[in-house]
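Chemist: Based on the hints, put chain R in the right spot on chain G.
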Amino acid sequence: MAIEILMPALSPTMEEGTLAKWNVKEGDTVAAGDVIAEIETDKATMEFEAVDEGTMGKILVEEGTEGVKVNTPIAMLLEEGESADDIGDTSAKDDKGKADKAEAEAETGPVDEPVAANPGAEMPAPKKVSDPEIPEGTAMKSTTLREALRDAMAEEMRADDTVFLMGEEVAEYQGAYKVSQGLLDEFGPRRVIDTPITEHGFTGLATGAAMGGLRPIVEFMTFNFAMQAIDHIINTAAKTRYMSGGQMSVPVVFRGANGAAARVAAQHSQDYAAWYAQIPGLHVAMPYSAADAKGLLKTAIRGDTPVVFLENELLYGQTFEVPDLDDYTIPFGKARIWREGDDVTIVSFGIGMKYALEAAEKLAEDGISAEVVDLRTLRPMDTETVIESVKKTNRCVTVEEGWPVCSIGNHISSVLMQQAFDYLDAPVINLTGKDVPMPYAANLEKLALVTTQEVIDAVHTVTYR
Amino acid sequence: MAAAKKQAKSNTSKEDLLAYYREMLLIRRFEEKAGQLYGMGLIGGFCHLYIGQEAVVVGLEAAAEEGDKRITSYRDHGHMLASGMDPKGVMAELTGREGGYSKGKGGSMHMFSTEKHFYGGHGIVGAQVPIGAGLAFSDKYRENDRVTFTYFGDGAANQGQVYETFNMAALWKLPMVFVIENNQYAMGTSSKRSTSTPDLYTRGEAFGIPGEAVDGMDVQAVKAAGEKAVAHCRDGKGPYILEMKTYRYRGHSMSDPAKYRTREEVQKVRDTRDPIENVRELLLQGKHASEDELKEIDKEIKGVVNAAADFARESPEPSLDELWTDIYA
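Which chain is which? The protein sequence lines are G and R, in order. Residue numbering for the first sequence is 1 to 465, as defined by UniProt numbering. Residue numbering for the second sequence is 1 to 329, as defined by UniProt numbering.
Hint data in this document are derived by calculation from the structure and do not stem from the laboratory. A few of these clues could be false.
What the hints assert, rightly or not - For the chain G half of the interface with chain R, some residues (derived, Cβ under 7 Å), not all of them:
| hint | residue |
| --- | --- |
| 1 | Thr138 |
| 2 | Pro196 |
| 3 | His200 |
| 4 | Gly212 |
| 5 | Met243 |
| 6 | Gln247 |
| 7 | Met248 |
| 8 | Lys392 |
To be verified - Here are the simulated DSS-like pairs of lysine-lysine, each with C-alpha atoms no more than 25 Å apart in a straight line:
| hint | chain 1 | residue 1 | chain 2 | residue 2 |
| --- | --- | --- | --- | --- |
| 9 | G | Lys354 | G | Lys392 |
| 10 | R | Lys237 | R | Lys33 |
| 11 | R | Lys33 | G | Lys239 |
| 12 | R | Lys116 | G | Lys239 |
| 13 | G | Lys392 | G | Lys334 |
| 14 | G | Lys446 | G | Lys69 |
Here the structure is a predicted model, which is why all the values come from computation and not from measurement. For every residue, glycine included, the Cβ atom is placed at its ideal position computed from N, Cα and C.
Same shape as in the complex, but just chain G (with noise of 0.2 Å):
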């Protein structure tokens, strides 16, 4: 029976990728590690290696092939005395993908952290977007969130010497999830620098760098880890302002992957936006889309308030419209209103705002008209938006992926009971997370997670219909 070759996953989050090359062709026999091609994902080319050894019966996926999910079968290896004739149609396989996944291993370079995220799907444009700040007719440019966040790095570090980047693998790895790809050749290694694996230390150097003048950007390879820094960026950069008088500025922007990635488990998904947004002294931004990533992005760096800056590794690979300005800014403090309705305010941020997209739309299908509110910063954070959107609606639902116990949602309602309490027709639902450490198992992971089929039925319960 020959045996099926399958497109790897290569990282926790990859979907799809391209086959970028095979290093065999058929008839040629191939041992166990051999590397037989070379997948690549948004972010790397890796090697593919094979699991058994037998002869190559048939390529189901030619060469330079984008998009090819995983679990695809890719190709047919024959065993001893089995002809490319033994092999059947196998198009209608892929159930049992799942189960053989782990024969295909691949080699995953020098580091284990997730190193793809899901390419290209592209997501829902706004439907009425409140941005006065693009003039009518800007062209617009599909980006994805990654490419946008190193954009507005570049633009800032062309326009200012005295920003630069330093983080774990940011330089010549080109960022372990390659949001600073190519920043290294452009502005050298003086401006773009890798660190030790250090956070306590780094994030303390790099505020001092800020308190010194300079405009530091620091990438955490993921919020979880600077939690080993989370002193400085709390007493330290937050503080330093107020302590000093107005003295002393610290200019520094603290931005990496927060939240869940997948089937990363509980010391690796977690999101710090309440805790962060409860400081005095930080500002903090949660961006879900290209646009608004690099237009806050672009502020944060020039301000003279410390920013964390909170981004999704499932978000990276995502495309979206983003103008096609020279100096495209998004002040702090505004929301954007995603789509305009009548019946219910949905108010999310981050990647929760693809639950509460998703959610609006099939309500629409039931003849519920949601008003979805991105809160795109959450310090400041943009209450009034939300308390007029409640008055028109008299119904709200937030959605994140953090914790219940005094979370975003948990303030919201807190604003609206004491500002627009008269307004509210129902209590307000806020969706969070589940209560528990992030499971690894599959099932567990996604019963922890909020989902779209949640925010849905919580609109019906806050609507009554």
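Modeler: Chain R alone, transformed into the frame defined by chain G:
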């Protein structure tokens, strides 16, 4: 390397000796006054006095040049005065008044002066060490030849971030002097009880950072060591460690009864190693100054400190609006 021996005779000029005397005395009288004001309830919270350690900052400031930076922990009054900050502004910050360096919002442990290149005043033990590396990084980035003095104590020397900083500072050849002020007690814990090896100046060896122990009670020895360290940094050779063997006469903070050591131990240091008495003797023996002239200086310093205390009492409390200012740029 052993602690540098105290010089019996001094090659230091009369002017320099008089300047050290004056500066150390200012710190001591200022701190004594702060202690009094604390007792009167005019200063609150934590207040860590520098009495006994004066030679460290005064000697190192003598080795510094204009534009060099300094950063330290919460035992910071001496560093501020030695860097040239106004005693009135420092004392008024201790009393939490509008005229303080931080408008009364920082207090004893959190003061800064961009003008004097003094970057705090940090309340978290050891946190100033990587911040100091960042200051040095900013100078290296700008390719000037400034040096950052990063002060921390024997207690902070056991914090992990100090070693993270040693690694980066050596790796990137940052122009900084790590000044370990070893006053032998991390609050109530003697270095014997907290530190596996007594010689803190060797702690950089694993990172290739040279270090030396210095008699931190001898201002001339401190200055000489400081000059050597600073020259190393300005030559682009990276960081340098100076372990200052010093002693604090008072408790860790005002609320510390210091039961972990004997009165005799403190008295012995006062009698035999006092940094101000040492310089006083040099001045008198070398016939650089008479008793009367030194009394005149004492009187003058007392006047400066009294004026600072008066200012700190008379300066109004910050206006209530100040609660909400200086949080964001």
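Chemist: Now, for every hint given, state plainly whether the structure supports it.
Modeler: The hints, checked one at a time:
no. : hint                   : result
1   : Thr138                 : 29 Å, violated
2   : Pro196                 : 6 Å, holds
3   : His200                 : 5 Å, holds
4   : Gly212                 : 3 Å, holds
5   : Met243                 : 4 Å, holds
6   : Gln247                 : 5 Å, holds
7   : Met248                 : 5 Å, holds
8   : Lys392                 : 31 Å, violated
9   : G:Lys354 with G:Lys392 : 23 Å, holds
10  : R:Lys237 with R:Lys33  : 42 Å, violated
11  : R:Lys33 with G:Lys239  : 29 Å, violated
12  : R:Lys116 with G:Lys239 : 21 Å, holds
13  : G:Lys392 with G:Lys334 : 19 Å, holds
14  : G:Lys446 with G:Lys69  : 21 Å, holds
Checked against the numbered hints listed earlier, the structure breaks hints 1, 8, 10, 11; every other hint is satisfied.
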